[in-house]
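> Next come the chains, spelled out residue by residue.
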Amino acid sequence: MDAASAHILAAGIGLGLAALGAAIGDGVMTSKFLEGIARQPEAQGRLLTNMLISLGLIEALPLIVLVLVGFVFTH
Amino acid sequence: MLEGDVLACHGATWAVLGLHVCSGTLIQTWIVMVVIAVLALLGARSAGLGRPGRLQNLFEMVIDFVAGFVGGARDVGPEHPVRNRRLLFEYLATLFLFVIVANMLDVIPPYIAPTNTLNTTLGLAMLTFFFTHIAGVGRRRLRYASSFLHTPGIGGYILLPLAIIEELSKPLTLSFRLFGNIFAGELMIEILLKLIPLKWFYFAGGFAPHLIWLLFSVFIGAVQALIFMLLSLAYIGQATAQPEH
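Respectively, the protein sequence lines represent chains R and Y.
Under the numbering used here, the first sequence has 47 at position 25, and the numbering climbs by one with no breaks.
Under the numbering used here, the second sequence has 738 at position 135, and the numbering climbs by one with no breaks.
Just chain R, with the same shape it has in the complex:
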């Protein structure tokens, strides 16, 4: 295997793992959010805001990996 294909393979594996982790995190967060609504429907507004914030924080991680992968493997 030459260096270029190894780079592409590494980028793909890294991105896939990052997406996997973020997906698990999203799932856990959303299930807790739904549990929270089921328990206390009146708290939905505040929970939604906080969920969106943590959604952004979690979703950012695979994108940071994407940027890093692009930065490292385009050189």
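In short, the hints are calculated from the structure, not lab data.
Treat the hints with care, as some may be off.
[Said to hold, decoys possible] Some chain Y residues well away from chain R (every beta-carbon gap over 10 Å; in silico):
| id | residue |
| --- | --- |
| 1 | Leu622 |
| 2 | Ala647 |
| 3 | Ala650 |
| 4 | Ala696 |
| 5 | Leu730 |
| 6 | Thr776 |
| 7 | Asn784 |
| 8 | Trp816 |
| 9 | Gln827 |
| 10 | Leu833 |
[Stated by the list, open to error] If you only want the chain Y side, here are some residues facing chain R, beta carbon under 8 Å, derived:
| id | residue |
| --- | --- |
| 11 | Gly651 |
| 12 | Met664 |
| 13 | Ile768 |
| 14 | Phe779 |
| 15 | Phe782 |
| 16 | Phe786 |
| 17 | Val826 |
Note that the structure is predicted; figures quoted are calculated from it, not measured.
For every residue, glycine included, the Cβ atom is placed at its ideal position computed from N, Cα and C.
For this one, chain R is given, so just place chain Y on it according to the hints.
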């Protein structure tokens, strides 16, 4: 500064006083500033005792939204001076407005958001970094240095390198988060349009998903602007908090 395919400049590079300026990013930043200034002037024109206009209502909503968070940050210090809170509020509102307008303009196709360059986002994150530490020193003077010792005794000194790395990684993650989101959004649009050639019988292939993704990127842009502002607030609040003992 940073070079490479991903981190390249948009547009030509201008040499101004020995600095390399990305002309595309600079012009887009100016466009954002003009849009905000014009909207704010139009909104404030009718401000007064009369019935508020639509733009004025919009601006008051945004201002109240940001002020709500800053008011919530009142608890960080027992005698948080109001003067500083106003400065903090102005800084955060500026950040929020700039980032959100830049991300919204991203939807217009030929326009590339200034936040789609690491140069801009790192600049904004450095602003927060300096604001944090200047506020910390200004508020707590020399005792601010002790806030880097997370545990009392010798343990704090052993963990000091970690605390410093944590402090230095804050602007890095802050800038990469915003840049990564906007960059990935634009990359996705590009890929969706390239994936399937744009012909009439392929209309559903590339164009329709790209429209859906545009809607989603509006949402992402708003959430990222909010997160950028909230994290800045959290960092500044952390630095200016008085320890409880």
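> So, for every hint listed, does it hold in this structure?
Taking the hints in turn, this is what the structure says about them:
{"no.": "1", "hint": "Leu622", "result": "22 Å, holds"}
{"no.": "2", "hint": "Ala647", "result": "28 Å, holds"}
{"no.": "3", "hint": "Ala650", "result": "28 Å, holds"}
{"no.": "4", "hint": "Ala696", "result": "18 Å, holds"}
{"no.": "5", "hint": "Leu730", "result": "19 Å, holds"}
{"no.": "6", "hint": "Thr776", "result": "7 Å, violated"}
{"no.": "7", "hint": "Asn784", "result": "5 Å, violated"}
{"no.": "8", "hint": "Trp816", "result": "14 Å, holds"}
{"no.": "9", "hint": "Gln827", "result": "6 Å, violated"}
{"no.": "10", "hint": "Leu833", "result": "6 Å, violated"}
{"no.": "11", "hint": "Gly651", "result": "32 Å, violated"}
{"no.": "12", "hint": "Met664", "result": "15 Å, violated"}
{"no.": "13", "hint": "Ile768", "result": "17 Å, violated"}
{"no.": "14", "hint": "Phe779", "result": "5 Å, holds"}
{"no.": "15", "hint": "Phe782", "result": "6 Å, holds"}
{"no.": "16", "hint": "Phe786", "result": "6 Å, holds"}
{"no.": "17", "hint": "Val826", "result": "4 Å, holds"}
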